[in-house]
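Colleague: Below are the chains, spelled out letter by letter.
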Amino acid sequence: MKLIRTLMAAATALAVTAFVAPTFAADDPGPAAYAQALKGKRVMLVPLAMGFDLAQGWAHYLKTEVEAWGGVFETRDPNWVVDAGAQAITDAISSDTRPDVLIIHAPDLNSYSKLMKKAQAAGTYVILVDNPANFPADAFIGSDWDRLGQLEAEAAIKGCGPNSSKKIGLVQGDQANSSSLYQYAGIMKVLEKNPDFKVVAKPDSNWDATTSRNVTTTMLQQNPDICSIIDFWDGDATGAAAAIRDAKLDGKVFLVTTGGGEKAADCDKLQDGTYGAVVMTDLARQSGDMNAIIKFLLQSGQPAGTSHTYIYTLEKATTKADLKPDSCWDLKALQAQAAAAK
Amino acid sequence: MNTIGWPNFRSLNQEGIVFAIAVVLFVAAAIGLPGFIDPNNLVAIVRSVSVLGILALGMAVVVIGRGIDLSAVAIMAMSVAWYLQLLNSGTPDGLAFAYVLAGVLAIGLLNGFLVAYADVPAIFVTLATGSFVFGYVRSQLITQDAVPVPQGHWVELLGGLRFLDVPIEVFVFAGLAFLFFLFLRYTKWGRYIYFAGDNPVAARNIGIPVRPMLVLRYVLSALVALVAGLLTAASLHSINTRVVNSTLLYDIVLVAVIGGIGLSGGRGGVRNVLVGAALIGILLNAMTIIDIPLLYQNLIKAAILLGAIIVDGIINPRDEQTAQQGDI
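For the protein sequence lines, the chains are A and B, in the order given.
Numbering-wise (our numbering), the first sequence opens with residue -5 and increments by one.
Numbering-wise (our numbering), the second sequence opens with residue 2 and increments by one.
Fair warning: there could be bad hints in the mix.
[As the list claims (entries may be wrong)] Chain A side only, calculated, beta carbon under 8 Å to chain B, not exhaustive:
| id | residue |
| --- | --- |
| 1 | F67 |
| 2 | V75 |
| 3 | D77 |
| 4 | Q81 |
| 5 | T84 |
| 6 | P126 |
| 7 | D202 |
| 8 | A203 |
| 9 | R207 |
| 10 | V209 |
| 11 | T232 |
| 12 | A236 |
| 13 | A258 |
| 14 | A327 |
| 15 | Q329 |
It is worth saying that the hints were derived from the structure and are not from the lab.
The model shown is predicted, which means the values in this text are computed figures rather than measured ones.
Glycine included, every Cβ here is placed at the ideal spot set by N, Cα and C.
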């Protein structure tokens, strides 16, 4: 008996040393729980369009990460048409492969509100990016457009200098998109604190470069001594830049705009002096925030629509003087990388 | 009709009405708005409607022949986007341009062929080819909405060209307007367009080559769209294909129709395009100087168009022939 007991004790001890010690090292419960919560989950991005730098950058960073944890990443391309976006979201919610996380780039404050509510009711987490909307999404990730407007105004005031005409022109986007409305509000806040600076004109470009050129031409014609122009998006600021070039006011009018920090769209144009300052979104970090919140939501176990988090991306006005090699990300390089991976 | 007693109203057609509105607006703006009458501002006005006017010239020729080309903006943006994409990816300039020119001609021929020989209504044909051109080029040939002009390329230099401080677009617009005027007024085929537009069956019966001429008109419209696209890229140093989704197409039809080119065909000319473009240019410029928000600008533009159409409807009631055949 004693022998058997001793043997058993020895065997147990052996078992403990042989099995428990190694399993202790391998048994971090994290990775298994992580994999179980995430594996096979579907993430869908519905931007305003897939054809511009922001959307292509987000899609790149999201795809890399989602596929790395075994999820499925999809995009839909409404190509700037609000109805097409609504259709894409509706189809996604009602399909057999309903996404677990829906990332929506809202075209205005209200269009998709009902659809987003439906998505949450169906159990899909809704994340809003870039453009805020009148809807309590699970998370908003993007710019604080009011703050961004303030940064633009501060850059414009700095670009003008204390001995300038102190006349500023705005080229707004439109009167429906939250990014345009909040940007304007932010600019005006700063200008209220600097009452000697005046906005002499504030036409809309409707986000179109030709319209931006035409209204800027008129604006410069009426006020040739404008010291700075703030155009609300780098997608149409090429038009304002053309008008400044045509009026032979290069170097005299400090053009400020905002964009996704893509090399050809922003950094190259800061380098060649087309833009005086660009308030750039750190796209890699913004995409990183999205990835983090996706992973959090999928593991949280909470029903969709429970949390309402705002994660604002750090923004900074960049000028030629503080351009660094890594100030921008390079869409061409990402595309080449994606092509090479295929 | 003159003997009945309303002789003067008859001469006041839509073109006259729109011209009068344009003159009134011009005078009011010249008096009321500082800087409006400045020569540079006047040049800016003409320039702002140059590309629009060039596209409207192409549209006018098609509409006079009782057709419509809804693919014009897609051809304009996508042909140039493809051209620039080819250049950016290292294709030799001559070869790239040959590809694009061939593509543009092919779409023009396809439009014309389907309308003339397959007898499909122009509105459906061009709507479809426009979507096709956009979809195909956007998805297969280019990677992004906006394609930049390579640095130092002739398109970029073209944008900087000035004669007497007047941008090149203005001269191209004027030159094309003059050529279209000569074509429509003094060439045999130009005159035939009016006959074919007014009554295609009768035109065919008297031996006019109605179908080949139809094809020619769509090819012409496509080529004009390419020129407009090149000028746009020249000025902005890039082309953004988003313009296909904008209201530009409606603005082109607006310029042609508001100037008095009837959608029922057979009527109008280059002068109507110029009058229509002048009104739109003056209107937009004045509203920008006054700093009217875009929403109201569209409202005012639409109200003036509606007003002009209503007044025209009262003064020039539709005749029996148009009522029977209908507009497009």
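Colleague: Each hint: holds or not?
Modeller: Evaluated hints:
no. : hint : verdict
1   : F67  : 19 Å, violated
2   : V75  : 7 Å, holds
3   : D77  : 12 Å, violated
4   : Q81  : 16 Å, violated
5   : T84  : 21 Å, violated
6   : P126 : 21 Å, violated
7   : D202 : 6 Å, holds
8   : A203 : 5 Å, holds
9   : R207 : 7 Å, holds
10  : V209 : 5 Å, holds
11  : T232 : 5 Å, holds
12  : A236 : 5 Å, holds
13  : A258 : 6 Å, holds
14  : A327 : 13 Å, violated
15  : Q329 : 6 Å, holds
In this structure, the hints that do not hold are numbers 1, 3, 4, 5, 6, 14, in rising order.
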